[in-house]
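Novice: Use these hints to put chain F onto chain G, whose structure you have.
Line by line, the protein sequences are chains G and F. Here full-length UniProt numbering is used: the first residue of the first sequence is 1, the next is one more, and so on. Here full-length UniProt numbering is used: the first residue of the second sequence is 1, the next is one more, and so on.
A hint or two may mislead.
Unchecked claim - Each computed EDC-like pair below joins lysine to aspartate or glutamate, with the alpha-carbon atoms no more than 16 angstroms apart:
no., chain 1, residue 1, chain 2, residue 2
1, F, Lys456, G, Asp720
2, F, Lys456, G, Asp688
3, G, Lys642, F, Glu184
4, G, Lys211, G, Asp254
5, F, Lys448, F, Glu489
6, F, Lys465, F, Glu443
7, G, Lys613, G, Asp575
8, G, Lys613, F, Glu184
9, G, Lys611, F, Glu499
10, F, Lys456, G, Asp240
11, G, Lys90, G, Glu107
12, G, Lys286, G, Asp345
13, G, Lys700, F, Glu499
Rather than coming from a laboratory, the hints here were simulated on the basis of the structure.
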Amino acid sequence: MFGKASSSQSSGFCGSGALSHVYIQYPPLRCTVSGSRNLLYDDGNKLLLAPTSDRVFSWKTVPFDPHVAPSCDSINEGPVLLVRYSLDSKLLAVQRSDHEIQIWNREGGETFSYKCRSESDHILGFFWTDSPTCDIVIVKTSGLELLAYSSESKSLTLVETKKINVSWYIYTHESRLVLLASGMQCKSFTGYQISSAGIIRLPRFEVAMAKAEANSKPVLGAEDVHIVTVYGRIYCLQFDRVAMLLHSYRFYRDAVIQQGSLPIYSNRVAVSAVDNVLLVHQVDAKVVIMYDIFADSRAPISAPLPLLLRGYPRAASMSSQSISGDYEAVEAKVLTGTEAITYGDGWKFLVPDLICDVTNGLLWKIQLDLEAISASSSEVPFVLDFLQRRKSEANKAKQLCLAIARTMILEQRPVSVVSRALDVLLASYSQSIKAGSYHKRTKAEKTATSGVSSANRTNTVIDDANNQSDAFGKSVKRETQTSSIENESTNRSCLSASDSEDNLSVETQKFDSLKLDSSSGKMDWDHSIKAEASGAAVHQPSPQSQILGPGSTPLNANTSENQDSQVTSAVISPDDLYSFVFAPAEEEMAGDASYLVAIIVEFFRRANLDKLKVHPNMYVLTVQLLARSERHAELGLFVVNKILEPSKEVAFQLLESGRQNFQTRKLGLDMLRQLSLHHDYVVLLAQDGYYLEALRYSRKNKVNSVRPALFLEAAYASNDPQHLAAVLRFFSDFIPGFKNTSEHNTYSRVLAEMNTSIAA
Amino acid sequence: MGMSSVSTGSDAMKLCVFDLRRGQNEGQELDKILFFYPADLPFSTQLSVIGLSEGLITFTRIFSPEVACEVIEAEMHSHVFYEAEPDIWMVMVVEKSKESEAIWRIEALRGVLKEVHSLFVMFHGSIRALLDKEPAGGLIRTHLYYFIMDYLSDFLTVKKLQLPNFRESLKQRGTVQMLTIGREVALEVQSLVKALESSAGSIQCYSLIMYQDLLVSTTLSPDDTVNLFTYAVLRLSPHALSSGVSSWSYLRKGNIAPDVSSGPVLPNSGSALDHNNGSHETSHVGDHRYNAMRPLKHDKWSRGKDGFLVADVWGAEVDRSARTCPAIWLHQTEERMYLCAYQHRNLTLIFLVPVTSIVSEEQGISFMKQQIIENASLKIIKVEEKLSRGWGGENAYHVSGYRYLLVDGDRSTSRATPPGKVTTLTKESLVALSKLREEVDLEKSRVKWDGVGREKDLELCIRAKNNAWVIARLTRGKELFLVLEKANETLLYASDAVEKFSNRYCNGVFSVD
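With the rest of the complex left out, here is chain G (with noise of 0.2 angstroms):
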């Protein structure tokens, strides 16, 4: 899927010099129905849902289609507040009233209701959950109700209550976390994450919050915070009208912290996660700012600029979008104007990454344009780092960081920049090895010791003979969990949550661990960033695998739906740098060699620090180099201290370039000696003239696969009679049968004619 898109969409932009990041594609997902009020969304199926009076439409939202038909169920008539299917999708719950919940079972066609049992209870909502004990979350004002349904007795049964007073939730499945707000201001949290690892209770937090006067304590609302999903890890964001500030806080297994803040320019805001980057919509401002909170700094990736739709055939011009049928160019003129504003009142923005106009009823899904990020930053390793990190257009990542390093070598930037971007690429690249090794090692350990398993998890593994193949994953990273082990007392499990129904990222486990600073409280903040960068990366898509979760409790909810998403990594293995960078580098920076040549060996250098195989090309391709320039001394010094690895390949090419220069030439015979290609070697030995000492070295090392014909000729050649006699008698001593053969009797003749000649 999204190979598909990112083609298209590839062809459509470049150049067309719109300003913009991120974008919406045209044409969107329709989704109005006549009768219906409202769209809902449920997230736990991704399903935009439209409600009629008997009816619930509902369109798939993944993968994004804006062709998508909707599927109906029809339902009692009544009011409808909220609906949600079940996680299997057999079962459909509509929310009739602050007190009732009706409950379809889509296959017998059964119903039947929750009530509130008493008055003065609300229900503020509910939500399907794939936990071991209930499947269905009620959230009231008395607090969590999690029931369980039985497909024998069609009924649901209590299985557990939370008491609390809740003002308002909010939920996102791709968390499975419920934040209950309480407290007058509505500004005490209590978090639970109830996913198929278990229910875990995450410590009451307070947020902050600015007062603008004295006296005025303003009172938190639903709509100012939000559950963000990036990286694997969970955060809170919360605006702060007064401040002006949109709060972060990280989830812990244990502990609530405040990671930071960013500025806002905007009485509106929403907030979306695209591929793990965070999106903060200004919406009064009609623009978007991206933050890869992934980095160390609360810097935004880019400048602040509007949101693009793109491919939208205006009156004037038609969109380089190709339209193809009559279909879309139909659907063209039904976009109405209001339909194509940005940041509309009815935009509704749903977790992820899709936006609901519910005035207009058209779902658009958020797009990232990396090419136009990547264009917008002279930062290269910054950029490269920020590419490599991209999952759902992980191809187009890749080609982007190719093109990027290559042409940052045409245009010969500082040799330092290039080091320090090859540094980016290639410590990516060992990471996704050394996650991967390191991950396939510890799970049979794991298996063994522990013994408490219930979630069943998606692992990626990695192939040993790193085949990087087009596939992606997301690792584990799993170092710094033997720091917890040590020191488990100050060490802090991440609370993480992972989702792949999104199919975008097929994601695992995740056991990070924080250093807590226990005298300021304050979190060791790079250190945790650093684990996870390290942590971040890609593989082939291994089968499902039943893992065990480390010594303590496991944390992490993981779904793995859409196990086969077959989506490719943005990493970059040496192979792909030599045929995609350094050989076209090399072809049309014919000219200057020794810049090219200093490149290499910064590459060299950090492959080697990573201790990573280069290939052999990459070793011929600097001998040409340094041997075109005529820096044969240079080149003597990189193959004595074996910064050319020795090979056949090099072997050869040294042979190749030393035409003109011997020692260049000795170096390869040399070579090739090393390498006991015993053949090879005593083939060239007799044909630079040095037959004799080829066959002592023949005879020596038992190579019988040189012709004769060959030695005899390069004695013959050498016009020394005696030398000539010695070859042949050397085949008539060790070969049997030589003196049958036809060499032997022409040799022979030869040397009588040579003898006689120099008689005369």
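Specialist: Same frame as chain G, now just chain F:
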């Protein structure tokens, strides 16, 4: 031969440089002499040495126009000839005294001549070019005098010149000693080299990096590397800088300068010249008319505050610009290059920038230095640390049981048993080795003049009087000399020892059969 005029006093050695194209007329013979050591010899003696040499050269040219005389072995003396440039000859006369140490190897002596000449050319350009520039010869005489005297000062022991004798048989003049480094360090070093290069922008520059007295990296051609390396070991390396206050130079420092200003030879020879060629302008060679650049003078280099080495009195005072940065000629490209040297602890970086590429020297060079510090100082520190960590000390290349010399003629490199370990050898072994090397030298020159263009494999094994095995093996441009004193009786054993050495330390280059 009747060389009675040669004094046999304290000066057991004579060294002269003369030009066959000069002084062809009767009465102008003195004009030939460009340099003579010892300078205080009477002209008649000087002329007789040169006259004999010239006669022999002329005579032998009849038979071998290409390579005339190489050496004369007289009863009391050896005359070593070296044609440094066409018709410019250097001749060294050494006394064959009964003294036990006076056992020379001719090629080693010729190596001295070659070395001083190539160093001279590196700093001053060819002798012929200087002669063409100033046909009177005052300039070249001044330069040669200071240069060779400064060079010879290194051979001076307490009383007399100590030329390389048999005790130095496990050394090869005119080669470079390399530091062996692992791949990781090599990559760091190359990264540093590239950083240095990039400091010069698009200008083609060269660099040479040394750790102590060993070469780590070079981007120069082998010939230039050898010259610059030799110079650096003599005058630039941390060792050379600190031994600038060695006992000898400390004693002589005060003497050499007056020697030079009122030098007995040059004013004399100058006046002699004036006398003989009255038409020539009256020149006093010793005065400051000629900028006597003395790159080999001791204590000229010192380490500046910024880490760069500075030569305080480079050239004469007249030429102010020459003081900031000396320039040298490259042998291969015949380009003139500024020489910058930077030192960080034991690491010496030599950086060559083409003179033509720099407009204003003072600014250009200081800008370049600044660039180097900005770009490379971190890397320099890192490389120095890594090299220091891996540095095995003075005896790092000692192989127990073996006393060896390994020469790679293609790359002009050599490696040998550390001098401290060589001293444990008996005189017999060393003399035997010297003889053996003489044989090898002969064989090599024979192959060379046979003109086959091929390298010959050669193996020589001799049993010295003290039962030591002295072995030479030559194969494809590489030479290995071994002295095995504690070896067993049999040749088989010795040959086995060579095999082991070859496999272990030379990638099996010398393994045969």
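Novice: Look at each hint and say if it fits the structure.
Specialist: Hint-by-hint comparison with the structure:
At most 16 angstroms may separate the alpha-carbon atoms for a hinted pair to count; F:Lys456 and G:Asp720 meet this at roughly 15 angstroms. About 13 angstroms separates the Cα atoms of F:Lys456 and G:Asp688, which keeps this hinted pair within 16 angstroms; it holds. Restraint check for G:Lys642 and F:Glu184: the C-alpha separation of about 9 angstroms stays at or below 16 angstroms, so the hint holds. Distance hint between G:Lys211 and G:Asp254 is unfulfilled; the C-alpha atoms sit about 29 angstroms from each other, more than 16 angstroms.
With a C-alpha separation of about 35 angstroms, the suggested pairing of F:Lys448 with F:Glu489 is violated against the 16 angstroms cut-off. The straight-line distance between the Cα atoms of F:Lys465 and F:Glu443 is roughly 23 angstroms, outside the 16 angstroms bound, and the hint therefore fails. A threshold of 16 angstroms between alpha carbons decides the hint, and for G:Lys613 with G:Asp575 the separation of about 9 angstroms falls inside it, so the pair holds. Note on G:Lys613 and F:Glu184: the hinted pairing holds, with a Cα-Cα distance of about 14 angstroms set against a maximum of 16 angstroms.
Distance check on the hinted pair: G:Lys611 and F:Glu499 sit about 34 angstroms apart at the alpha-carbon level, beyond 16 angstroms; violated. Note on F:Lys456 and G:Asp240: the hinted pairing is violated, with a Cα-Cα distance of about 87 angstroms set against a maximum of 16 angstroms. Our distance criterion of 16 angstroms between C-alpha atoms is met by G:Lys90 and G:Glu107, whose separation comes to about 7 angstroms. Only pairs whose Cα atoms come within 16 angstroms are accepted, and G:Lys286 paired with G:Asp345 is accepted, the gap being roughly 11 angstroms.
Pair hint G:Lys700 plus F:Glu499 holds up; C-alpha atoms about 13 angstroms apart against a cutoff of 16 angstroms.
In summary, the numbered hints that this structure violates are 4, 5, 6, 9, 10.
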